[in-house]
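Novice: All chains should be modelled from the sequences, with the hints used to inform the complete structure.
Protein chains: 2
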Amino acid sequence: MVLINRKDLIDLFHENGYKVTPQRLAIFECIMGRRDHPSASEIHSELKREYPTISQATIYNTLHILRDIGAIQELGFEDGKTRFDPDTSIHVNLVCTACGKITDFTDEDLVKAWIGMVEKTAKKTVGQRLDLYYKCTHCSRMVSE
Amino acid sequence: MVLINRKDLIDLFHENGYKVTPQRLAIFECIMGRRDHPSASEIHSELKREYPTISQATIYNTLHILRDIGAIQELGFEDGKTRFDPDTSIHVNLVCTACGKITDFTDEDLVKAWIGMVEKTAKKTVGQRLDLYYKCTHCSRMVSE
DNA sequence: CTCCTTATTTGTAATTATTCTAAAGTAATA
DNA sequence: TATTACTTTAGAATAATTACAAATAAGGAG
Numbered sequence: 098m099v100l101i102n103r104k105d106l107i108d109l110f111h112e113n114g115y116k117v118t119p120q121r122l123a124i125f126e127c128i129m130g131r132r133d134h135p136s137a138s139e140i141h142s143e144l145k146r147e148y149p150t151i152s153q154a155t156i157y158n159t160l161h162i163l164r165d166i167g168a169i170q171e172l173g174f175e176d177g178k179t180r181f182d183p184d185t186s187i188h189v190n191l192v193c194t195a196c197g198k199i200t201d202f203t204d205e206d207l208v209k210a211w212i213g214m215v216e217k218t219a220k221k222t223v224g225q226r227l228d229l230y231y232k233c234t235h236c237s238r239m240v241s242e
Numbered sequence: 098m099v100l101i102n103r104k105d106l107i108d109l110f111h112e113n114g115y116k117v118t119p120q121r122l123a124i125f126e127c128i129m130g131r132r133d134h135p136s137a138s139e140i141h142s143e144l145k146r147e148y149p150t151i152s153q154a155t156i157y158n159t160l161h162i163l164r165d166i167g168a169i170q171e172l173g174f175e176d177g178k179t180r181f182d183p184d185t186s187i188h189v190n191l192v193c194t195a196c197g198k199i200t201d202f203t204d205e206d207l208v209k210a211w212i213g214m215v216e217k218t219a220k221k222t223v224g225q226r227l228d229l230y231y232k233c234t235h236c237s238r239m240v241s242e
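Each protein sequence line maps, in turn, to chains A and B.
The first sequence begins at 98 in my numbering and counts up one residue at a time.
The second sequence begins at 98 in my numbering and counts up one residue at a time.
Hint data in this document are derived by calculation from the structure and do not stem from the laboratory.
Among the hints, a few may not be true.
What the hints assert, rightly or not - Straight-line C-alpha distance at most 16 Å; calculated EDC-like pairs for lysine to aspartate or glutamate:
hint, chain 1, residue 1, chain 2, residue 2
1, B, 220, A, 176
2, A, 198, A, 175
3, B, 104, B, 126
4, A, 209, B, 201
5, A, 221, B, 228
6, A, 178, B, 171
7, A, 178, A, 139
8, A, 232, B, 165
9, A, 178, A, 133
10, B, 209, A, 205
11, B, 198, B, 139
12, A, 104, A, 126
13, A, 209, B, 205
14, A, 178, B, 205
15, A, 198, A, 228
16, A, 178, B, 175
17, B, 116, B, 105
18, B, 220, A, 228
19, A, 232, B, 176
20, B, 178, A, 126
21, B, 178, B, 133
22, B, 198, B, 228
23, B, 217, A, 175
24, A, 217, B, 205
25, B, 232, B, 201
26, A, 220, B, 228
27, B, 232, A, 216
28, A, 198, A, 216
29, A, 217, B, 201
30, A, 217, B, 133
31, B, 116, B, 165
32, B, 232, A, 165
33, B, 217, A, 139
Stated by the list, open to error - Among the chain A residues that face chain B by a calculated CB cut under 8 Å, a handful are:
hint, residue
34, 112
35, 114
36, 116
37, 120
38, 187
39, 189
40, 191
Don't be surprised by glycine CBs; every beta carbon is placed ideally from N, CA and C.
Specialist: Spelled out as structure tokens, the structure:
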């Protein structure tokens with residue numbers, strides 16, 4: 098699990114020539130604070146309480162910057178929504194195909210095999226995404242009832 | 098590499114209570130025929146030559162059915178587009194982050210580690226997605242020039 | 001083979017996530 | 001503190017996907 102703290106984030110912004118604004122910090126801390134890989138609109142809804150005038154454009158702009166500087170991982174889904182994960186390390190996203198709940202999972206053997214595979218491809222990696230799709234116990238119950 | 102042939106697909110449709118139509122077969126064969134994980138609109142454009150009146154709704158409807166019966170894998174991306182892979186086995190999608198080109202890659206050790214990881218999670222898997230993001234040689238050249 | 005029922009296709013409108021734009025605001029530097 | 005460029009904002013524009021109702025066709029019964 099690789100999670101960036103506030104100070105490192107501020108440094109990252111400066112290193113990359115971006116200014117530090119309260120909105121940018123709040124957006125990152127929103128993603129860090131919740132463990133559920135929120136979408137842009139979920140982040141917007143949550144932050145409107147603290148910043149009533151925060152706009153969608155700021156949310157999207159900041160999310161793209163955070164992705165570009167490697168502070169978060171962006172996960173596009175088939176429902177058209179994109180969700181954001183503050184853990185940029187090699188890990189598995191356990192995704193319930195019914196309710197959409199996402200849980201992170203790390204497995205050392207898999208990480209080793211992944212790194213080995215990357216070496217075999219001889220590619221300069223800029224990121225990865227490992228999803229496991231399943232039905233969570235709650236959603237399995239729903240169907241069988 | 099798990100690729101379904103035409104006869105198996107027809108059986109799959111019948112087993113799942115779906116009718117077999119020329120459009121459905123053509124859409125599947127379009128995805129099978131090209132090796133580039135096309136998007137819905139790319140499939141639509143290609144098939145309009147053979148079926149000038151084919152509608153977007155049919156494309157989307159069929160793609161969702163193909164996904165539901167396990168004939169294809171659906172890959173949502175951050176740019177809002179969804180692309181379709183006729184290989185539903187455990188394999189890596191090598192994705193160029195600049196031009197979007199996708200190449201499939203299979204690594205036996207990684208497959209073993211993945212299966213082991215799935216057992217550890219004790220989840221009933223319904224699918225998976227393994228993406229490796231990189232810049233292809235062509236796009237790397239573009240940047241350095 | 002023909003008819004009938006029902007699923008499917010079609011064309012278009014509606015929806016929704018994301019991007020664009022230009023004016024107003026603010027972080028960072030001197 | 002003043003300046004300047006970057007950032008935020010609000011709202012319009014864009015583009016992928018979905019919804020809908022009428023027309024069409026697959027597949028089973030006779």
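Novice: Min Cβ distance, residue 187 of chain A to chain B: is it shorter than 8 Å?
Specialist: Result: violated, 10 Å to nearest chain B Cβ.
Novice: Regarding the hint that residue 191 of chain A lies at the interface with chain B, is the smallest CB-CB distance below 8 Å?
Specialist: holds (7 Å)
Novice: Compare the distance between the alpha carbons of residue 198 of chain B and residue 139 of chain B with 16 Å, and conclude whether the hinted pair is satisfied.
Specialist: holds (14 Å)
Novice: Given the hint that residue 220 of chain B pairs with residue 176 of chain A, does the C-alpha gap stay at or below 16 Å?
Specialist: The hint is violated at about 23 Å.
Novice: Would the stated hint for residue 116 of chain A survive a check requiring a Cβ distance to chain B of less than 8 Å?
Specialist: violated (24 Å)
Novice: Straight-line Cα separation of residue 209 of chain B and residue 205 of chain A no greater than 16 Å?
Specialist: holds (13 Å)
Novice: When you check the alpha-carbon spacing of residue 198 of chain A and residue 216 of chain A, does it fall within 16 Å?
Specialist: With Cα atoms ~32 Å apart, residue 198 of chain A and residue 216 of chain A exceed 16 Å; violated.
Novice: Using 8 Å as the Cβ threshold, decide whether residue 114 of chain A counts as touching chain B.
Specialist: violated (18 Å)
Novice: For the pair we were handed, residue 178 of chain A and residue 205 of chain B, check the Cα-Cα distance against 16 Å.
Specialist: violated (32 Å)
Novice: Does the alpha-carbon distance linking residue 209 of chain A and residue 201 of chain B stay inside the 16 Å limit?
Specialist: violated (20 Å)
Novice: Are the Cα positions of residue 232 of chain B and residue 165 of chain A separated by 16 Å at most?
Specialist: holds (14 Å)
Novice: Under the criterion that the straight-line Cα-Cα distance not exceed 16 Å, is the pair residue 104 of chain A, residue 126 of chain A satisfied?
Specialist: holds (12 Å)
Hint check: violations occur at hints 1, 4, 14, 19, 20, 23, 28, 30, 33, 34, 35, 36, 37 and 38; the rest are consistent with the structure.
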